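So the sequences go chain by chain: A and B. With this note's numbering applied, the first sequence has no gaps in its numbers, which climb one by one up to 505 at the end. With this note's numbering applied, the second sequence has no gaps in its numbers, which climb one by one up to 822 at the end.
Honestly, I wouldn't trust all of these hints.
DSSO-like mimics (lysine-lysine), calculated; alpha carbons at most 30 Å apart, straight line [stated by the list, open to error]:
{"id": "1", "chain 1": "B", "residue 1": "K545", "chain 2": "A", "residue 2": "K138"}
{"id": "2", "chain 1": "A", "residue 1": "K138", "chain 2": "B", "residue 2": "K747"}
{"id": "3", "chain 1": "B", "residue 1": "K708", "chain 2": "A", "residue 2": "K138"}
{"id": "4", "chain 1": "B", "residue 1": "K747", "chain 2": "B", "residue 2": "K550"}
Now the in silico label distances, taken between C-beta atoms and shown as ranges [unchecked claim]:
{"id": "5", "chain 1": "A", "residue 1": "Q104", "chain 2": "B", "residue 2": "D772", "range": "58 to 68 Å"}
{"id": "6", "chain 1": "B", "residue 1": "D622", "chain 2": "A", "residue 2": "P355", "range": "37 to 47 Å"}
{"id": "7", "chain 1": "A", "residue 1": "V479", "chain 2": "B", "residue 2": "K626", "range": "56 to 66 Å"}
{"id": "8", "chain 1": "B", "residue 1": "S546", "chain 2": "A", "residue 2": "L132", "range": "25 to 35 Å"}
Derived list of chain B stretches under chain A, where covered just means 3 residues or more per stretch with a C-beta under 8 Å from a C-beta of chain A [to be verified]:
{"id": "9", "region": "616-625"}
{"id": "10", "region": "672-679"}
These aren't lab readings, by the way, just hints derived from the structure by calculation. Just so you know, these numbers come straight off a predicted model, no measurement behind them. Using N, Cα and C, we set each Cβ at its ideal position, and we do this for glycine too.
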Amino acid sequence: MADLISNLALGFGVAFTPVNLLFCLIGALVGTLVGVLPGIGTVATVAMLLPITFGLPPVGALIMLAGIYYGAQYGGSTTSILVNIPGEATSVVTTLDGFQMAQQGRAGPALAIAAIGSFVAGCVATVLIAVLGGPLTKLAQAFGPAEYFSLMVLGLVFAVVLAKGSVLKAIAMIVLGLLLSMVGSDVETGAARMSFGVPDLADGFGFAIVAMGVFGFAEIIRNLDPGTDVNRSLVQRPVTGLMPTRKDLVDAAPAIGRGTALGAILGILPGGGAVIASFAAYTLEKKIARVPSRFGRGAIEGVAAPESANNAAAQTSFIPLLTLGIPPNAVMALMVGAMTIHGIVPGPMVLQNQPELVWGMIASMWIGNVMLLIINLPLVGIWVRLLRVPYRLLFPAIVVLCAIGIYSINNSPVDVVLAGGFGLLGYWLIKQDFEPAPMLLGLVLGPLMEENLRRALMIARGDATVFVTRPLSASLLAVALLLLILAILPSLRRKRDEVFVEPKD
Amino acid sequence: MIGPAAAADYPLRQVTVIVPFAPGGPTDTVARIISAQMAKSLGQKVAIENVVGAGGTLAASLASRAAADGYTLIAGHMGTHAAAVPLYPGLSYHPTRDFEPVALLAGTPIVILARKDFPPKNLEEFAAYVRANTERLNVAHAGIGSVSYVSCLVLHRQLGVKPTGVPFGGMGPAMKALIAGEVDYMCDQIVNAVPHINSGKIKAYAIAMPTRSPSLPNVPTTAEAGLPGFQARAWIAMFAPKGTPPSLVVLLNAAASHALDDRAVRDSLQALGAVIPAPEQRTPQALADLVASEIDRLTPLLWQAANATNGHDQPWK
Chain A
1 MADLISNLAL GFGVAFTPVN LLFCLIGALV GTLVGVLPGI GTVATVAMLL
51 PITFGLPPVG ALIMLAGIYY GAQYGGSTTS ILVNIPGEAT SVVTTLDGFQ
101 MAQQGRAGPA LAIAAIGSFV AGCVATVLIA VLGGPLTKLA QAFGPAEYFS
151 LMVLGLVFAV VLAKGSVLKA IAMIVLGLLL SMVGSDVETG AARMSFGVPD
201 LADGFGFAIV AMGVFGFAEI IRNLDPGTDV NRSLVQRPVT GLMPTRKDLV
251 DAAPAIGRGT ALGAILGILP GGGAVIASFA AYTLEKKIAR VPSRFGRGAI
301 EGVAAPESAN NAAAQTSFIP LLTLGIPPNA VMALMVGAMT IHGIVPGPMV
351 LQNQPELVWG MIASMWIGNV MLLIINLPLV GIWVRLLRVP YRLLFPAIVV
401 LCAIGIYSIN NSPVDVVLAG GFGLLGYWLI KQDFEPAPML LGLVLGPLME
451 ENLRRALMIA RGDATVFVTR PLSASLLAVA LLLLILAILP SLRRKRDEVF
501 VEPKD
Chain B
506 MIGPAAAADY PLRQVTVIVP FAPGGPTDTV ARIISAQMAK SLGQKVAIEN
556 VVGAGGTLAA SLASRAAADG YTLIAGHMGT HAAAVPLYPG LSYHPTRDFE
606 PVALLAGTPI VILARKDFPP KNLEEFAAYV RANTERLNVA HAGIGSVSYV
656 SCLVLHRQLG VKPTGVPFGG MGPAMKALIA GEVDYMCDQI VNAVPHINSG
706 KIKAYAIAMP TRSPSLPNVP TTAEAGLPGF QARAWIAMFA PKGTPPSLVV
756 LLNAAASHAL DDRAVRDSLQ ALGAVIPAPE QRTPQALADL VASEIDRLTP
806 LLWQAANATN GHDQPWK
């Protein structure tokens, strides 16, 4: 404990120098901006800003890059809530209730609760990194390929549970997402699958392309549809209050707590940890809510839980990097690059050899979270005012911004056309009452799931029982099964009731 | 068109170096360190553009079609400019026909690594153990054609074994699996391995080059450890599109070579465990020879792998 305090004191000593505070602020500001602009992802921004950090001292460089990363998690929710376009895979679920709240004139509270939830989660996660970094890494190491596969299965079941309408339709969308994820290079041989010789498809459909299409473009087409006049007037409804009411806070507080806990645990797992965390947090809230039908219709818990979860996960994902030197995602890989360029070889020794670097970064995360809250709460008013921009101006602006964003990812015009295609698909899906969120989850988790399935089977020499003989994997699958039964049960019961009712009639 | 005075004016604007991998990997890091120094001697900005996809061949294909005016270069490597030839039959470029070699930038030696509780104590025991237990062993690699794949393939040919290869998305995840003991051993570039070897999370049997590495002084060479025939390394080199004026190639080569002599650059490359090419290995001709010999070496090895999916024999199980 004394160690912890002296470590944190060292960290805050480093982070509280004026220069490092400035880097932290710049990082947080840029991150928020990046998160708000649809299409321009965190990875691209960190990559673009990497050269600027070469001239900076290593601690300052890392503090700034880290700020961009968690700042983007704050900003990513803004477009989800205001215009139904998730900026990052982790804010897909936020669209479900966040956009509904915006349509009911409650964009302000939704944005504010997202910022507050993120702040609480960020603070808790920072402490967790400091206290539990070591032990948590051991947990992540207990996850082999079989466990990952089972975790992905569980993640996909979350998507079934969170669906508003038919369970069958939700499963259909997940399977469609998985199928779409099959397009692209085979992980082992590198052979192109279902790419029809188009080089732009050689690496499959990017998340941003599909997300912009089925959420952004499709939403715009739907709004232009003469049949949806009702909705349009809804959005134009006066905004009632910018800040959450006392009731909102009371409703959201437990959700923030649960979301933070889930996010912190799942964040340390490399790969889809943060994505699964946001879906898991939403599902949990919906399952334990007294009136689950409120979800998908503007429940504040539906914004608070996933936003807390994704921010907690974003921060705990630093644990494998700091303790093992292994980057759990693309942004962390960039941080490793930044460290090596500064002559720091990332790995288990960094904590011993350069404690001021690691603890300085950890302390800066907490400071960064305070800054983000200060930056984001006043901005809520500005973002909400954006909604008053007439549609004839707002829609073309969104389309152009999205198109630029998509193009900038790979400098590929084909990607923009693909996003247009997904827009049409998304419109059709909305019309047929299919929800696009489960499809997106299938698309994001598909490659990880396939990779780990094949790897687990390969290591087990084709013995499929490995998924149920390893205890951790078996428990994850059991939870998945249980959730699936819980999701299907109500509809089964309804059918059975109908069966019983019929003869009497 | 570029007149004879091109070299005198060059560069008038920013030079772009395409890196065929995501930022953060060894190729990206080496390219960034060297191009930052090249920018100083060229007197212009040198920007890095990461073009990811299809094992780096998307980037190389893009670079081969870029204007041959010296403003677009590519940091190619063993994969894009050698292994890709047998692996991708429909490759839209050829490493020798569509590029002007500029300079070899760095070599990265290969280390034989194993989980920390892998029984053999030295390389000789390792060879015997792998031969005796082939059926049970899992070897990690980063996909067919990757450096890790090719290196262990060469090792297995020499040992006469075919263990099970387990593919990973990259060597980062593979390293995690090795530390956790999910796989038994792998052949990886020294760049990724040094910190984990030094902290005792994994063990290293030998380094596959003629001399020991200063960053791993206790790890013997394959020759010292009794397997002199096993030599393997990856390399990173700079190329320009075919038709780039020779005067510009000379200028760029000088800038790259100059960067490799810079003390700070050497320090950061050596901290990564990379081997800095000697002056005679840095000429465009030396690079042309290297590419040609690597294509000759890898083609018979990888042809089988590339065709395994069509029902031919897999080189590994």
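Evaluation of the provided hints:
{"no.": "1", "hint": "B:K545 to A:K138", "verdict": "violated (45 Å)"}
{"no.": "2", "hint": "A:K138 to B:K747", "verdict": "violated (51 Å)"}
{"no.": "3", "hint": "B:K708 to A:K138", "verdict": "holds (19 Å)"}
{"no.": "4", "hint": "B:K747 to B:K550", "verdict": "holds (23 Å)"}
{"no.": "5", "hint": "A:Q104 to B:D772: 58 to 68 Å", "verdict": "holds (60 Å)"}
{"no.": "6", "hint": "B:D622 to A:P355: 37 to 47 Å", "verdict": "violated (29 Å)"}
{"no.": "7", "hint": "A:V479 to B:K626: 56 to 66 Å", "verdict": "violated (43 Å)"}
{"no.": "8", "hint": "B:S546 to A:L132: 25 to 35 Å", "verdict": "violated (48 Å)"}
{"no.": "9", "hint": "616-625", "verdict": "violated (count 0)"}
{"no.": "10", "hint": "672-679", "verdict": "holds (count 5)"}
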